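Turn these sequences into a full structure, and let the hints steer you where they fit.
Top line first, the protein sequences correspond to chains A and B. Following my numbering, the numbering of the first sequence begins with -4 at its first residue and continues without gaps. Following my numbering, the numbering of the second sequence begins with 1379 at its first residue and continues without gaps.
A few of these clues could be false.
As the list claims (entries may be wrong) - If we take Cβ atoms under 7 angstroms as the criterion, some of the chain B residues that face chain A in the derived model are:
#1 1722
#2 1791
#3 1792
#4 1796
#5 1798
#6 1799
#7 1801
To be verified - Listed next, the stretches of chain A that the computed footprint assigns to chain B, with coverage defined by at least 3 CB atoms under 8 angstroms from CB atoms of chain B:
#8 446 to 454
#9 511 to 522
Rather than coming from a laboratory, the hints here were simulated on the basis of the structure. Model, not experiment: these values are computed from the prediction. Even for Gly, the Cβ is constructed at its ideal location relative to N, Cα and C.
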Amino acid sequence: MRRPRGTGDPLWYKDAIIYELPVKSFFDANGDGIGDFQGLYEKLDYLESLGVTCLWLLPFFPSPLKDDGYDIADYLGVHPSYGTLEDFKRFLHAAHERQMRVIIELVLNHTSDQHPWFRRAREAPPGPLRDYYVWSETDEKYKGARVIFVDTERSNWTWDPVAHAYYWHRFFQHQPDLNYDNPAVVREMLGVLDFWIDLGVDGFRLDAVPYLIERDGTSCENLPETHALIRRIRRHIDERAPERMLLAEANQPPAEVRAYFGEGDECHMAFHFPVMPRIFMALHLEDRQPIVEAMERTPPIPESCQWALFLRNHDELTLEMVSDDERDYMYLAYSMDPQARLNAGIRRRLAPLVGNNRRRIELLNSLLFSFPGTPIVYYGDEIGMGDNLYLGDRNGVRTPMQWTGDRNAGFSRANPARLYSPVIMDPVYGYQAVNVEAQENDTSSLLHWMRNMIRMRKLFKVFGRGTIEFLSPPNRRVLAYVRRYRDDIIFCVANLSKWVQPVELDLSAFAGLVPVEMLGYTEFPPIGSAPYFLTLGPYGFYWFELQRPRA
Amino acid sequence: MASTGSNSSVREPEVAAARTDIALVLTSYNDARTIGPAVRAMRDGLSRHVGSGSARFILVDAGSTDGTEDAARAAAAPSAPIDVARVGPPGLADIPYHGYPRRAAALRTALETAARLQAKACVFVDPGLLVPDAAWTERLLSPVLSGGFDYVSPYYVRRANEGALTRGIVYPMFRALYGVRLRQPAGHEFACSRQLVAYYLEQDFWEFDQADAGVDLWLATAAACGPFRACETALGVRPPPSRDAPTDLGTTLAQVVGALYADLEHRVDVWQRVRGSVAVPLVGAVPTAEVEPVSASLEPLIESFRLGYRELREIWTWVLPPRTIVELRKLADGGAEAFRFDDRLWATIVYDFALGYTMRVMPRDHLLRSLAPIYSGWAASFLLQVGGATTVAVEDRVEQICRAFEAEKRYLISRWRWPERLR
Chain A
-4 MRRPRGTGDP LWYKDAIIYE LPVKSFFDAN GDGIGDFQGL YEKLDYLESL
46 GVTCLWLLPF FPSPLKDDGY DIADYLGVHP SYGTLEDFKR FLHAAHERQM
96 RVIIELVLNH TSDQHPWFRR AREAPPGPLR DYYVWSETDE KYKGARVIFV
146 DTERSNWTWD PVAHAYYWHR FFQHQPDLNY DNPAVVREML GVLDFWIDLG
196 VDGFRLDAVP YLIERDGTSC ENLPETHALI RRIRRHIDER APERMLLAEA
246 NQPPAEVRAY FGEGDECHMA FHFPVMPRIF MALHLEDRQP IVEAMERTPP
296 IPESCQWALF LRNHDELTLE MVSDDERDYM YLAYSMDPQA RLNAGIRRRL
346 APLVGNNRRR IELLNSLLFS FPGTPIVYYG DEIGMGDNLY LGDRNGVRTP
396 MQWTGDRNAG FSRANPARLY SPVIMDPVYG YQAVNVEAQE NDTSSLLHWM
446 RNMIRMRKLF KVFGRGTIEF LSPPNRRVLA YVRRYRDDII FCVANLSKWV
496 QPVELDLSAF AGLVPVEMLG YTEFPPIGSA PYFLTLGPYG FYWFELQRPR
546 A
Chain B
1379 MASTGSNSSV REPEVAAART DIALVLTSYN DARTIGPAVR AMRDGLSRHV
1429 GSGSARFILV DAGSTDGTED AARAAAAPSA PIDVARVGPP GLADIPYHGY
1479 PRRAAALRTA LETAARLQAK ACVFVDPGLL VPDAAWTERL LSPVLSGGFD
1529 YVSPYYVRRA NEGALTRGIV YPMFRALYGV RLRQPAGHEF ACSRQLVAYY
1579 LEQDFWEFDQ ADAGVDLWLA TAAACGPFRA CETALGVRPP PSRDAPTDLG
1629 TTLAQVVGAL YADLEHRVDV WQRVRGSVAV PLVGAVPTAE VEPVSASLEP
1679 LIESFRLGYR ELREIWTWVL PPRTIVELRK LADGGAEAFR FDDRLWATIV
1729 YDFALGYTMR VMPRDHLLRS LAPIYSGWAA SFLLQVGGAT TVAVEDRVEQ
1779 ICRAFEAEKR YLISRWRWPE RLR
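Structure (structure tokens):
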């Protein structure tokens, strides 16, 4: 049954399962060693069968690729390595045919230094054209702003010998920040939005959104003027295409991120950065407290808004939002190899982070799929792909998707030396051991497990839309919480320990109801007034529907 | 007149100016032979049984070339004028099993017209399938007009050897899934309230792939899943069809069961929460049909099953678990005299095929057609058990089957939620 597009729920993103992928890494259809839109088009059946409902594409625009495409040289095109705009349109249409939405990157904060706007600005006399970017005679302005990429950048200012002035950049020096105090820049970016909206794109991830505006005497992050700009973008989208979604990337404490929802008039979604490292910490500590604290510190958000949840993504596992002690603990727990550390984080994929322990992978995904928010699955994590710590920057988690055990992991027919990145070849995570084809043929594979979990998650809107309430059983190795939405009551319990754990739960508020284990639809004994006793296997978890007893 | 999904030609000013209490909807395709009697029967039924209240006929024709429209106009009366709409001519692929093309577009057009006429009640009849009895108009209408019901489903008395597909699959599965005991949920004769008309027009199934074959069932499902009161109305013994009935069991199964399975996917958030089932009121007296022994030999049905087991067993192993295959082998190897399908086995087979359908383990049409020999076996088993039984006894037997479908619903849910490929 194909449903015509455009008749959907405006809150579709609350029920979505988002799959994040770089086009270059997914599938190479033309054999040049780089993934492309034709390749992505050819793999849509796979994504449909996985059950994901929304694809988040990392930057695919023309770019010198010094920051993996986040250094954009043309907002209105497709990088020739990935195909053409026609290829993109064909892919987008086919994704929509499969009821999959597509969100793309909108890198508002900066461009590449190769962008025509910058090349023009640095040669322009003082005035509107030069003012597309932020210039200064000195590098003393905005001293309150921290340097984000501490491993590579020493200052947020870089001298430009052509302009004879310093230009401002919060990230790499080849990424000059746009100047949103210039109305022309705002108009330009709204035009960019319109271009992609008119093609049918369903949403935009707003990259590095806290840094859009600079003011002396501040940290240059989360400024009121930045929020005013986002509200303007939101108004523009609502007027032009109301079902489109804005997803904020604001790696900030929860209270600061909360501001990016506004009163429901800024972004529809924002990443929940603080909870992700605490999930890993709780797992290693075998103690639920870090998760419960992070969730309890999460402020309420407007009804129309939603958190975006993830375990891993294309960046490092960022530890910016944890305390110094917590960061030290995480480094010791998850990155004894210094090669794994980058900036304030750990550049590893999910499977290697948890020692390739299948039970841990399943447990973490069960949290991802049952916590309040929209889950994001990073490409390859559905088959337990590994990483390559010896590739620079974050490239070790952006290696070619492993489709088969054939040459180049079935990713490309090119000469292996021509691939944009070597495939993973180690004996544990290498493509001959970990690939889609093998896991398709193995009904107990992680791929089948993920597919079923996604299917289960989609059956219950409570996961995307319901409230959450944590229980406090005496055994802190067990995390227990109740999700509610309309008539649905779901009770989730998870063992964070590597050993079997007993737990007594106060479920007296649900006395008389019958827990039905959701995955196997198995009825458990009804809840009474006494504590409800459960035993959980190592890293085990249960989801229960609480049903009324049969008449 | 603006009309989504059809090429309606009802004259706008004519309808815009009109209002009616009752809309009598006929869908037609080369039904010149039967459309006149159908219109007259409904017209007579209206004047004889319904009494006051304005009424209009809405004829939606799918491009007849035999004078159907003229015959309908000639049979109409000034007291119940007729509006004619046309849906575009069918393509070669548009002919469903019952021979009525573009039925979804026709029903949608009729509902849109009825909504514009602000009809309090709508009655639907397909004269190509049946020539209605004059009393039907009242039996279908009065539950809506005076009983407060929103959906009136037909209830025909059927002999043991009639309606096996409905008795064996459609009714038991519909009931188990949606919790409403509508015994003939895909009937082309039904009535609905103004509220339900509006609800139908909001549904998104009109342009789904199988809409022409499945829309009647989906209308019943929508009524069952929504906040509406449903009942059955006794329409007596079902007359023989006037349009050619299908002869190809595989095609019939693919279309009817395919529509049922497709709806399963569409309304998964509803049926997985429904537990048990409730009876709906039956309006009117149910006559007793004469008991007729099953005259035809059942051996061809059993042989079809055995042949299917030999030839299609490999295909079945894609959707049926080993224990089911073993049970089927025992049936295939056994003698005709002891040929009995266990109800729970049958229910799990229907559910396993549903799962195979949604998992797309093979082309869906192939999968559904491969069900035909098993269905033949089940039908033989059913007829062996009910041959010569009274209609009441047959209904009791159907009730047992339904209970098996309800009991095995857990099996369907657990497999649906955590499907495991068998191969």
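How the hints compare with the structure:
Checking residue 1722 of chain B against chain A by beta carbon gives a least distance of about 17 angstroms; that is not within 7 angstroms, so the hint is violated. The beta carbon of residue 1791 of chain B comes within 5 angstroms of a beta carbon in chain A, closer than 7 angstroms, and the hint placing it at the interface holds. Taken as an interface hint, residue 1792 of chain B checks out: its beta carbon lies about 4 angstroms from the nearest beta carbon of chain A, inside 7 angstroms. Annotation: residue 1796 of chain B was flagged as interfacial toward chain A, and the flag holds, the nearest CB pair being 5 angstroms apart, inside 7 angstroms.
With 7 angstroms as the threshold, the beta carbon of residue 1798 of chain B comes within range of chain A, its nearest partner Cβ sitting at about 5 angstroms, so the hint holds. The criterion of a C-beta within 7 angstroms of any C-beta in chain A is met by residue 1799 of chain B, whose closest approach is roughly 5 angstroms, and the hint holds. The criterion of a C-beta within 7 angstroms of any C-beta in chain A is not met by residue 1801 of chain B, whose closest approach is roughly 9 angstroms, and the hint is violated. Under a criterion of three residues with beta carbons nearer than 8 angstroms to beta carbons of chain B, the stated coverage of the region 446 to 454 of chain A is upheld, 4 such residues being counted.
Beta-carbon proximity to chain B at under 8 angstroms applies to 5 residues in the region 511 to 522 of chain A; the threshold of 3 is reached and the given coverage holds.
In this structure, the earlier hints numbered 1, 7 are contradicted, and the remaining ones agree with it.
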